[in-house]
Each structure stands twice: as structure tokens, then as C-alpha cells.
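K.L.:
For the protein sequence lines, the chains are B and L, in the order given. Numbering that gives the first Met the number 0 puts the first residue of the first sequence at 0, with every later residue one more than the last. Numbering that gives the first Met the number 0 puts the first residue of the second sequence at 0, with every later residue one more than the last.
By construction, these hints were calculated from the structure, which means they are not laboratory data. If you're wondering where the values come from, they're calculated on a predicted model, not measured in any experiment. It is possible that some hints are incorrect.
[Stated by the list, open to error] Using C-beta positions, here's what the derived DEER-type ranges look like: (1) L:Ala80 x B:Arg204: 42 to 48 Å; (2) B:Asn329 x L:Gly232: 48 to 54 Å; (3) B:Arg27 x L:Ala80: 46 to 52 Å; (4) L:Val447 x B:Gly476: 30 to 36 Å.
[As the list claims (entries may be wrong)] For lysine to any residue, the following SDA-like pairs were computed, each having C-alpha atoms within a straight-line distance of at most 25 Å: (5) L:Lys527 x L:Ser368; (6) L:Lys314 x B:Ser214; (7) B:Lys30 x L:Lys314; (8) B:Lys451 x L:Val210; (9) L:Lys237 x B:Phe73; (10) L:Lys192 x L:Lys314; (11) L:Lys121 x B:Thr479.
Don't be surprised by glycine CBs; every beta carbon is placed ideally from N, CA and C.
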Amino acid sequence: MQQAVLQEEVHEEKIDLKLWRQILQLARPYKRYIIYAIVSTVVMAGGDALFPYMTKVAIDNFVVPQRTEGLGWFAAAFALLIAVQSFTVYMFINMAGKVESGVTYTIRQAGFEHLHTLSFSFYDKRASGWLLARLTSDVNRLGEIVSWSLIDLLWGGAAMVFYAIVMFSMNWRLALLTICVIPILALISVYFQKQILRAYRSVRRMNSRITGAFSEGIMGATTTKILSREEENLGEFETLTSGLKASSVRAATFSALFLPIVLMLGNIATALTLWVGGNGVIAGTVTYGVLVAFVSYAIQFFDPVREIARIFAELQMAHAAAERVMGLLNTDPEIQDRPDVEGSVPPLVGGVEFEHVSFAYNPQEPVLSDFNLKVEPGQTVALVGETGSGKSTIVNLVCRFYEPTEGRILIDGVDYRDRPLAWLQGSLGYVLQSPHLFSGTIRENIRYGNLKASDEEVERAAELVNAHEFISKLSQGYDTEVGEGGGLLSTGQKQLISFARAILADPRIFVLDEATSSIDTETEMLIQEAIRTILTGRTSFIIAHRLSTVRSADVILVIRDGKVQEKGSHEELMAAGGYYYRLYTNQFLED
Amino acid sequence: MKSIRILWKFMAHNRLLYLGAILSVALASLARISTPLVIRITIDNIIGDEPLAAPLLIRNFVENIGQALWVPGIVLIAITALRGLFMFLRGRLAAQVSENIAKNLRNRVYDHIQHLPYKYHKEADTGDLMQRCTSDVDTIRRFLGVQLVEMGHSLFMVIFITGVMLSADSRMTAISLAVLPIIFAFAVIFFIKVKKAFREADEAEAELTTVLQENLTGIRVVRAFANQEYEIGRFDGKNMAYRDKVYHLIWLLACYWSASDLLAFLQIGVVLVAGAYYTAVGEITIGTMVLFGTYIGMLVWPVRQMGRILTDMGKALVSAERLQEILDEPRENLVENHRQPPITGNIVFDNVSFGYEPGQRVLENLSFSVGAGQTVAILGHTGSGKSSLVHLLARLYEYDAGSITIDGVELNTIDKRWIRKHVAVVSQEPFLFAKTIRENITLASGEVTDQELHAVCRQAAVHDVILSFDQGYDTLVGERGVSVSGGQRQRIAIARALITDSPILIFDDSLSAVDTETDLAIRNALEKRASRATTFLISHRVASLSKADLILVLEDGRIVQRGTHEQLMAEAGPYARTWEIQNTLEAEIKAAR
Chain B
0 MQQAVLQEEV HEEKIDLKLW RQILQLARPY KRYIIYAIVS TVVMAGGDAL FPYMTKVAID
60 NFVVPQRTEG LGWFAAAFAL LIAVQSFTVY MFINMAGKVE SGVTYTIRQA GFEHLHTLSF
120 SFYDKRASGW LLARLTSDVN RLGEIVSWSL IDLLWGGAAM VFYAIVMFSM NWRLALLTIC
180 VIPILALISV YFQKQILRAY RSVRRMNSRI TGAFSEGIMG ATTTKILSRE EENLGEFETL
240 TSGLKASSVR AATFSALFLP IVLMLGNIAT ALTLWVGGNG VIAGTVTYGV LVAFVSYAIQ
300 FFDPVREIAR IFAELQMAHA AAERVMGLLN TDPEIQDRPD VEGSVPPLVG GVEFEHVSFA
360 YNPQEPVLSD FNLKVEPGQT VALVGETGSG KSTIVNLVCR FYEPTEGRIL IDGVDYRDRP
420 LAWLQGSLGY VLQSPHLFSG TIRENIRYGN LKASDEEVER AAELVNAHEF ISKLSQGYDT
480 EVGEGGGLLS TGQKQLISFA RAILADPRIF VLDEATSSID TETEMLIQEA IRTILTGRTS
540 FIIAHRLSTV RSADVILVIR DGKVQEKGSH EELMAAGGYY YRLYTNQFLE D
Chain L
0 MKSIRILWKF MAHNRLLYLG AILSVALASL ARISTPLVIR ITIDNIIGDE PLAAPLLIRN
60 FVENIGQALW VPGIVLIAIT ALRGLFMFLR GRLAAQVSEN IAKNLRNRVY DHIQHLPYKY
120 HKEADTGDLM QRCTSDVDTI RRFLGVQLVE MGHSLFMVIF ITGVMLSADS RMTAISLAVL
180 PIIFAFAVIF FIKVKKAFRE ADEAEAELTT VLQENLTGIR VVRAFANQEY EIGRFDGKNM
240 AYRDKVYHLI WLLACYWSAS DLLAFLQIGV VLVAGAYYTA VGEITIGTMV LFGTYIGMLV
300 WPVRQMGRIL TDMGKALVSA ERLQEILDEP RENLVENHRQ PPITGNIVFD NVSFGYEPGQ
360 RVLENLSFSV GAGQTVAILG HTGSGKSSLV HLLARLYEYD AGSITIDGVE LNTIDKRWIR
420 KHVAVVSQEP FLFAKTIREN ITLASGEVTD QELHAVCRQA AVHDVILSFD QGYDTLVGER
480 GVSVSGGQRQ RIAIARALIT DSPILIFDDS LSAVDTETDL AIRNALEKRA SRATTFLISH
540 RVASLSKADL ILVLEDGRIV QRGTHEQLMA EAGPYARTWE IQNTLEAEIK AAR
């Protein structure tokens, strides 16, 4: 019932230097490549500045004086320039690629490792799709920024400097004339780039809504059919597609306006150059070659300006992505080993005791208050009660997925916060209401309980929980793929496999959130037998729905509103004739 | 060819507008290539004094301006203004057309999918279908809106520039075109070859995402078995593989861009050196030399671009075919004969047989009858045909033999839409839409009062749950709102079915995820309104079925037992056996009393 955190916050504030320093820290292993990339980028910008100059040399040295000697050297120099330029292009892309793929890898890995230290309260507040996007698209964007954008930015700066140097060294008056349009161009570029980015952002937002609608239309098609809602659905969908079209056309219009305006400005510069420079040629103060070169520069100068404007606009967007990723990396885990936990501890036996434990997911709504319970090693505790009564919370506290807000939980007589997390969680067997399998084979899934187990041990575990028979009947046996989330197996089969997985782990403490999903009677009996096998000799907590499991438990707790309402064995509770009694007599004797 | 025809059909009603976009491309290209001409005339004929080989009108104009160099400046700006206008038109029109086509295509595919039969959806690969609806439409949109226009631009540039070049100097033209075919061929070959690298990178990313996704959803399992290290190692493997694939791809691109740069600059260098030589020996004018120098720069890059677009064109055609495949699937006809008899709920099955595939029998010779307002319970193993039986009633599938009548009318002659409006089905895993809870419940009923809404939600034992959400009935369901548990979802779906007040109600194992107490509460509520609808109950819990007017036990598509609870308990058979297994406690409870 958690409100999912999904809003794509729109950040447009100033660049936060501390954040970027932290990101550059992550890029440190790739320092060498970054330096290579920077060097080749600067060389490349120099080469770009030289090409129009070569035209000038050709005109002034050979064309105008109508001379051919030295043309061979000129051709050789041009060839060399081409070779150097091609090589720097190769180096620049190659190195930026190394940086991009490397930085992305490092940040993603750091993020993934961090995810595994975070507590469940963190996961409760965030939808898995949200987290997924942080480690996929956001990290990708960050990698792009650190490599391509920063290098492009550098190229833009270097190119502008080099162009200016060449132009001023040829003719400073014409150079000033060409450059005077730049500030206007820069302003316009920044404005347009921002508008374009904003427009495309809204396109993307619309697009993801349409993807959502398609997904609903496909996944819910059968429901739509049963409810006869085809026409209404189409109506709603058409509103979305019309919206997308409108915002796409708007974004495209901005883009389509931008280039012509830039070109106009560029050509004003060209026209000015042609006018003033042409008069200079007539007056003999400007050479033909310089005039031609300036016409080229007037146009080319706009590339770096546009590039820089684009990156600045993008950086602001990337900033939001960077903040989200770094925010994830900087989240402190709520549950972690205390600095003073003992490294070597005796193996876990299985005694569990709740001492005046209170707990709340959020401060306003206490779930448990002053809860006490003592479980001897090997005992089975069945928890019975309505949804939301606090059964799952008790189990979560035992597993130390959460820690008590007040009081303490003793395992083998010691507060579990004084022990390493791995001590408890390494001796835990946990079977969920809807068992979660990983894609891969059945064998791999069972072995998940104990990665060191041999094939024989895997099969023995399967035999113990009655899973062996159905597995052997499958055409691929233990090597059958279960599909994503175990989708290729039935619910009952998934449960049996998750039991095998748990028994292979040979846990001291076993936690079972029993499923209520309907399974045919035969499978149901297999499962009950499996549960019985697992329970022997282990401390067990069961959120019980099956009568047989409840009855055979050593202690049955009836939980209501976070408190133990009734406690005792089946016979005791039946004899007491309280809530438990009513629960089961109701189920079978309805009158 | 077939796929081009499909694409052409997709463009219906937008073709004229698209012609406008192409025309704008041509005019913009024309304007672009006339700029160097102005510069050439300025250099040769205004600054220099070469004789001008041009029509009389232009010659007179050039002579009249003398050496007033601001005039060519103004002309230049005017031409650019025109070019800008056409560029804008091109962008705007192309966007409008492509977005229009994409919109129509999306609507069409969406509507078509909604109308495909139940069977199609049961067997559909939803991931693939999603891909077609989103990225394939997008590929076509991009192709028409960007790539084809770009290609037109390149093509016009090549044609126009070659024309102008030829009129200026044929030998220089030949030199200018020498390396271009190689650049073009290189681009085409490279982008065909590199497809594999792109695909591999995509696949590596998909694998990485899967591991990530599984870790996020299965985080409790990972923790409970303390397998964090193992998962981190697994992720590291995928992460590294993805990194290497991406780097390999970038490396290939680095090779491509540097090699094609080399070729392009080689072409430019050859023109420059040859031009300088011919000018120096006096065979061409400075203006011509500058013209070739400028044009070659305009020619090289579009040609390189063309190679790339050509390879992308294949993608668009494949996408068009993939979309057409969906559109070719036969739609379900919801209103065939306009037969819409009044429905009260008297149902008769007479020797009904059914199979999903020809020759296969899921139901065999089923016969039974139910009066309006009665309750029929169905018990059977998974795969015994229970669900198929009720699906036939909603005409989600057609029976192969025998006859089903509703109030005396043969079922397969009644309009599908009509029958579905009178049969409410609640499935085991109901689907909720990303709407508010109120909207989800009233999907099929239209406007209802709050009292009605709350009443059905109380009957479905979900009213209190809904009120506990932050925004009550206006709480959004799904990714952007609350996550609803399986049991809650089933109960909301029950409310959704009850509110329509349909004469036929089907509960297809739809209380399976509800705890026993709530299950009981709902069944009691249903019982009170039982006579309002003919009800079909499917469940594994025998206790849930025991009160039905008629209980059918299915095995392998046949009715093996039928009768009331009392009758069936008196027979030795699957019903009594199941009852025994599930209710061994009964005796003990009595004993405890």
C-alpha cells in the first residue's frame, strides 16, 4: 500500500559542483583514456581550423599568381593533414567510447552493490520500475555526459579558439566582423536548445504514457473483451495519440525553426564579409584567398557555438539524472552491522525471543506494541489472523528485514543487533506466498539455496519435498528453463521448487508465508507433506492458511491488531472456544 | 515490393502533404546550391573582370551594380531567407505527415488488437506485440519524418550539384565525383555489417536488465539465502559483457568515421589540388575553382549520409510488414446478426463438445440445464475443462458440436457484444487498469451513485480496504498509485462484476487469494443476492461449492458426477473424496464440543 515514488522531478537549478566532483571521482579509473581523448579532441579542433586555411594557401600561392611550383608540397601537406585528422577522429571516438562504457559500468556496478546493502524500508517506498530506470537509462545518460558531452564541449571551446586565432592572424578587421554575430547567435541557440529539449521531454512523457496504454491494451485485452469496453478504450487511447501528435509537431516545429534562423545569422556574417572583404580585394588590402577562407570560417564558426549551446541545455537535464543516481548511491542503509559486532560467533541454534518489541513502518501507525514471545529451538509457531493484523511484520522482524523500533529480539539469547547480519540471514530459510524464481533452469533455482550443492544434493532436496517426480516428467528434467519469474511453471510447481530450494539451504530458522492460491487437491497434499518434512527439527514461523499446518504447530498465535489475542496448541485453543474456534467452525459449519 | 506497398497504404490521406515536404526539400536544396554561384559571380565578375556566361538578364543586372558589393550581400541574404523558409516548411510538413501517420497507425493497431479474439490473446507473445506497437511504429515514423526526407535532400543535392558542376567544367566534375561512389559503397557495406554489433549490444543490455529486474523483485529471496555476493558477481558478468559489447560497437564506429573522413577529405583535397593546378595554368577561373571547392564540401557529407539511411530503410520496411501482420489477423465480429434477445438466465447445455485445436477435445458431450437465478458449482482438476466451459458462455470461444441455449435462443446466434454485456466474468487473476478504483469498478456499468458503489463493495468485502487507502475510491491503482494484493484485486473485480447486475455471473476461481474469513463473508453476501442472477462458481474449496443448486464434477472434459451436495456426499466418488481430504477437521471440532 506504499505510495510509489515515481515523479520525474524537473530540475532546472544551477549546476551543483559537489555532485559533479563526486561523479568525476567515479570516472577516476579511466583518467588515462580521458587524457587521450582530450588531447585528440584538441588536435582535431586544430585540424578543423586548418582546412579553410589550406584553401586560402591554394588560392593565394597557386591560383592567383598562376604558379604551379610547390603544388606537390602542398598536396603532400594536405595529405598529411588528412591522415592526422583521420587518426585523431579515430582516437577521439575510441577513447570517448572507452570512457563512456567504462564509467557506465563502474557507476552501474556501484549502484547494484549498494542496492544490496539497503533495507526493505527503502524498497517499500519505491516501485521496482523506478529503481530499474535509475540503473539503466539514468546511468546511461550519465555515462554519455561524462564522455561525449564534456569532450564535445571541449571541442567547441578549442575550435572557437583556433578559428579565432587563424582568422585574427589573417585579417583582424574581417575577423571582428565575422565574430560580431556570435553573441546573438549564442543567445538564440541557448534559447532554442532549451525550448527544443523541453518540448522533446514532453514528447517523451507522452510517449511513455502511450507505451503504458498499449501495454494495458494488450495485457488487459481479455478483460476489455469481457467488459465490452473496446470502443471506450479506443476513445481514451485516441486522446493520448492526439496529444502525442500535437506535442511532437510542436517539438519538430521548434527544431525546424532553429536551423533556418542560425543559417540566416551565418549568412549575414557571410554577406558582411563578402561586402567588406570584397572591397578590400578591390582596394588590394585583402587577398582572394583570405576572402574565400573567411567565407568558409563565417559559416563554420557557428558549429562550435551551436554545439556548446546544445550541451549546456543537455547538461541541465543530465543534472536531474545525475542527482537521482547519486542520490541512490548516497542513501545510507538503515540496517547494517554495527561496527562492534563480533566477527566469530557460535553457529546459530534457533532460539528466538521477542522482548517488549514495538514496531511501526511509519511513526503514526504502530503495527506492533510491546510484543513478547519466546520460541524454543525446533518449535513451530503458526501465526493466524486477518490480513493487516501484523503477522507479516512479526516474520519480517525475525528475518531482520526490519529491526524493532523499541525492545529487542534475542536469537540464542543474544540481541541480534550485536551479531553480523549474515549470521542470521545465512541460517534462514524463507518461502514466500508467491514464490519468486529466477530465470534459468530448475536445477539452478534449487541450487540457489546452497550454491555449493552438488547435483545429487539438489535432486535429493527435490525428492524430499516431492518435487522430483514432476521434474523428472518434464522433457528436459532438471535442466528445464523456468522462464522469467518462473512463468513457465504452474503455481504449485513453483512452490515445490521453492521448498526444495529452502531445504537445500538447511536453515536453522524457517519462515513460511503460506499461499492461499488454489491448487488442486493432489498437489495440495504433496505440498503439505513437503512442509512437514521441512519443519522437522527447525525453528519455524508460519503465516498459516492451511488447516493441517496450523494444527500440527507447537504454538498457535492468533494475532489481532498487532497483539497476541490467543496463544496455545490447537487442542487448547479449540477447547477455549474463542476467536480461533470460531474461525474454523465458521469455515466448516456455516450455520 | 510488398512492404513498400504496405508503407504506401499507411500513408493514405497524407500523400499530398508529403509531396509538399519533398517539394520543399528540393527548393531548399536549390537555394542552397545557388549561394556559391552568387559568391562565384561576386568574385569573378564583380571583383574580378571575367566575362560572365549567363542569361542576358543576370548579365545586365551584374553590369548595372558595378562594384557595389552590398548588392550580392543582399542577394545572398534573400536566397538564404528563401532557403530558411523551405527548410522550415520541410521540417514542419514532414513532422506533420509522419506524426499523423504514426497516430493513425497507433490507433488502428490498438483498435485492431482490442478486437482480436480471446484465443489470439491467450496465445500472444505480449512482449513481441508491445515491440510492434511501440518501436515498429516509431521506426516507420522516423523513416518518413526524418530519413526519407534526408535522403531526398541528399539526392537532390547530388543531382543539382552535378548539373551545375557539369555546366561549369566537365573535367573538374569528373574529378569531383571520383571518390564519391567509394564513400557511398563503404557506408552501405559498413552499416549492413555493423547491424550484428548493434543487435549484440541490445541483447547484452536486455540480459543485464533482466538480472537487475529479478534482483529488484526478488530482493527478499536474495537476502534470505544471503546470496548477495553471488548476485553481485552475476551482475558484474552481465555488466562487463554489456560494457564490452558497447565498446566494441563504438570502436567499429570509430573505425568507420575515421575511414570515411579520410575518404571524404581525400576527395576534397583532390579537388583543391586539381583546381589550384587548372587555375594556375589558366584553364579555369578563380570563381570556378572556389565554386568546386564549395560544392565538393556540400556533396561529400550527404553522400556519406545516404549510405547510412539506405541501410535504415530496410528496417522501416520490416517494421511495416510486422505491423501489417497484426492488422491481417481476423477481427472478432461483435455484432453479427443484430440478434439481441432478452436474457434472464435459463441455460441449457445439450451434448456440447469443444476443443481449442481441431481434433482435440477439451469438453465432451456436456449436457445440463440451469434455471434463471440458480447456482451451478463446478469442481475439477486443473485442465479438466472448467474454465473452458464458462468461456463458452461468454462466447470467448465457439463450441464445436451440440447446442447451448440461453432462454431458448441458440447462443452462437446472439451478438457477442450483447451476450457479453449480460455475462459478468471474474477470473482468477483479474486485470485492473491504471485508473482510480472507482473507475475500475464502474468500467462496464457507466455512471452509478456512491450508494450503489459502496453497496457492491461491501458485498465484495472490499469497501473497508478501499477506504483505508489515502484517497479512498479515488486512489489510483498500479505503478503510479497503490499496489493491490492478489486478494484485493479479486475482490475489486468481484465488485466490478456485481455492479453491472448481469443476469449471468461467473466466478472462475476468483476467491482463491482471499483468506478464509473474507471468503465466507463474500459468499454469504452473494447468497443473499443469489436469485438475482444465474451464478457459476468454480473453486477448489469444496466448502465454497456445497450450497449450490447443482454441483458438476468434471474430469477430462466430462461430467463424472452431478447433483446437490447431499446427493454427491452419498455417492462414493471424487466429490466425497475431496470433501474428506479438506474437511477431516470437522469431526474433531464436533468432538471438541
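K.L.:
None of the hints should be skipped; say for each whether it holds.
P.N.:
Hints, one by one, checked against the model:
1. At roughly 35 Å, the beta-carbon separation of Ala80 of chain L and Arg204 of chain B lies outside the given 42 to 48 Å, and the hint is violated.
2. Checked against the hint of 48 to 54 Å, the C-beta distance between Asn329 of chain B and Gly232 of chain L comes to roughly 24 Å, which is inconsistent with it.
3. Distance hint check for Arg27 of chain B and Ala80 of chain L: the Cβ-Cβ separation is about 51 Å, which falls inside the suggested range of 46 to 52 Å.
4. Here the CB-CB span from Val447 of chain L to Gly476 of chain B is close to 54 Å, at odds with the stated 30 to 36 Å.
5. Of the supplied pair hints, the one linking Lys527 of chain L and Ser368 of chain L holds, its CA atoms being roughly 22 Å apart against a limit of 25 Å.
6. With a C-alpha separation of about 23 Å, the suggested pair Lys314 of chain L and Ser214 of chain B falls inside the 25 Å cut-off, and the hint holds.
7. About 39 Å separates the Cα atoms of Lys30 of chain B and Lys314 of chain L, which puts this hinted pair outside 25 Å; it is violated.
8. For the proposed pair Lys451 of chain B and Val210 of chain L, the alpha carbon gap of about 21 Å is at most 25 Å, so the pair holds.
9. Between Lys237 of chain L and Phe73 of chain B the alpha-carbon distance is near 52 Å, which puts this suggested pair outside the 25 Å criterion.
10. Distance hint between Lys192 of chain L and Lys314 of chain L is fulfilled; the C-alpha atoms sit about 14 Å from each other, no more than 25 Å.
11. For the proposed pair Lys121 of chain L and Thr479 of chain B, the alpha carbon gap of about 22 Å is at most 25 Å, so the pair holds.
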